[in-house]
Amino acid sequence: MTASDLCHVGILVEDIEEAMARFSDVLGLTFKDPEIAHVDRFEQGEIVEALDLRITWSVEGPPYLELLESQDNDGIYGRAQEGLHHIGLWEEDPEALVERLRELGIGKEATQYTPEDRILATYTAPHDMYGARLEFIEKSRKEGMEAWIAGKSWQD
1 MTASDLCHVG ILVEDIEEAM ARFSDVLGLT FKDPEIAHVD RFEQGEIVEA
51 LDLRITWSVE GPPYLELLES QDNDGIYGRA QEGLHHIGLW EEDPEALVER
101 LRELGIGKEA TQYTPEDRIL ATYTAPHDMY GARLEFIEKS RKEGMEAWIA
151 GKSWQD
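In this text, residue positions in the sequence shown follow this note's numbering: the first is 1, and each later residue adds one.
Some hints here could point you the wrong way.
As the list claims (entries may be wrong) - Derived DSSO-like pairs: lysine-lysine, alpha-carbon spacing no greater than 27 angstroms straight-line: (1) Lys152 to Lys32; (2) Lys139 to Lys32; (3) Lys142 to Lys32; (4) Lys108 to Lys142; (5) Lys152 to Lys139; (6) Lys152 to Lys142; (7) Lys108 to Lys139.
Said to hold, decoys possible - Derived Cβ-Cβ restraints for the label pairs, each shown as a range: (8) Lys152 to His127: 32 to 40 angstroms; (9) Ala50 to Ser140: 17 to 25 angstroms; (10) His38 to Val59: 18 to 26 angstroms; (11) Gly107 to Ala150: 31 to 39 angstroms; (12) Leu27 to Glu49: 31 to 39 angstroms; (13) Glu99 to Gly131: 22 to 30 angstroms; (14) Ala147 to Glu92: 13 to 21 angstroms; (15) Glu103 to Gly151: 34 to 42 angstroms; (16) Pro62 to Thr114: 18 to 26 angstroms; (17) Gly107 to Arg41: 15 to 23 angstroms; (18) Gly144 to Glu95: 16 to 24 angstroms; (19) Lys139 to Glu60: 18 to 26 angstroms; (20) Val26 to Gly151: 18 to 26 angstroms.
The hints are simulated quantities; they were obtained by calculation from the structure and are not laboratory data.
Predicted model, so just to flag it, every value in this text is computed and none were measured.
Each residue gets a CB set at the ideal place from its N, CA and C atoms; glycine is no exception.
Whole structure, please, built from the sequences with the hints as guidance.
Now the structure itself:
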């Protein structure tokens, strides 16, 4: 993994439309219309559940700016986590990465899985990286994600 694998920066916000307007005014960014990102299997600690998260991405990038709307819970997307949420990077082999990070003493905070039980994205525990949460996204999704950001329909 290198700096060239940098994909985006995620910011967790209470009101996605308000944040879109603010970042557009300040940084001159344009955003996709917000959508619900659905993941069938999301693990955070002992909790395993489906996840629906309202998100948008800047059209400008990479690196892109991702805005995620906070949820009324105590989890990784809960209101207490609002602000700079994560740094997103592409990763060729997320399963091997999780093991390598564990060997380096960096824990896993949460993971999103594909229906085939492969890691879609995994988040490091912020306290293991000086307060920074890293999100590693399975790199085979890059082409589809960038096409989606450019206005095409999402295809896995």
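Verification of the hints:
1. The straight-line distance between the Cα atoms of lysine 152 and lysine 32 is roughly 11 angstroms, inside the 27 angstroms bound, and the hint therefore holds.
2. Proximity of lysine 139 to lysine 32 is assessed by CA-CA distance (about 21 angstroms); at most 27 angstroms being required, the pair is judged to hold.
3. Distance hint between lysine 142 and lysine 32 is fulfilled; the C-alpha atoms sit about 17 angstroms from each other, no more than 27 angstroms.
4. Distance hint between lysine 108 and lysine 142 is fulfilled; the C-alpha atoms sit about 22 angstroms from each other, no more than 27 angstroms.
5. Restraint check: the Cα-Cα separation between lysine 152 and lysine 139 comes to about 19 angstroms, which is no more than 27 angstroms; the hinted pair holds.
6. In summary, the hint linking lysine 152 to lysine 142 is supported, as the alpha carbons are separated by about 13 angstroms, within the 27 angstroms threshold.
7. Proximity of lysine 108 to lysine 139 is assessed by CA-CA distance (about 18 angstroms); at most 27 angstroms being required, the pair is judged to hold.
8. About 38 angstroms separates the C-beta atoms of lysine 152 and histidine 127, a value consistent with the hinted range of 32 to 40 angstroms.
9. Taking 17 to 25 angstroms as the suggested C-beta distance range, the pair alanine 50 and serine 140 conforms, at roughly 22 angstroms.
10. Take histidine 38 and valine 59: their Cβ atoms lie about 22 angstroms apart, and the range 18 to 26 angstroms holds.
11. Between glycine 107 and alanine 150 the C-beta distance comes to about 35 angstroms, which sits within the given range of 31 to 39 angstroms.
12. Look at leucine 27 against glutamate 49: about 34 angstroms separates their beta carbons, and that is inside 31 to 39 angstroms.
13. At about 23 angstroms, the CB distance of glutamate 99 to glycine 131 agrees with the hint of 22 to 30 angstroms.
14. At roughly 19 angstroms, the beta-carbon separation of alanine 147 and glutamate 92 lies within the given 13 to 21 angstroms, and the hint holds.
15. Evaluation of the 34 to 42 angstroms hint for glutamate 103 and glycine 151 yields a pass: the beta carbon distance comes to about 41 angstroms.
16. Range check, proline 62 to threonine 114: about 22 angstroms between beta-carbon atoms, so the 18 to 26 angstroms window is met.
17. The hint said 15 to 23 angstroms for the Cβ distance between glycine 107 and arginine 41, and at roughly 19 angstroms that hint holds.
18. The beta-carbon spacing between glycine 144 and glutamate 95, approximately 20 angstroms, falls within the hinted interval of 16 to 24 angstroms.
19. With their beta carbons about 21 angstroms apart, lysine 139 and glutamate 60 fall inside the hinted range of 18 to 26 angstroms.
20. With their beta carbons about 24 angstroms apart, valine 26 and glycine 151 fall inside the hinted range of 18 to 26 angstroms.
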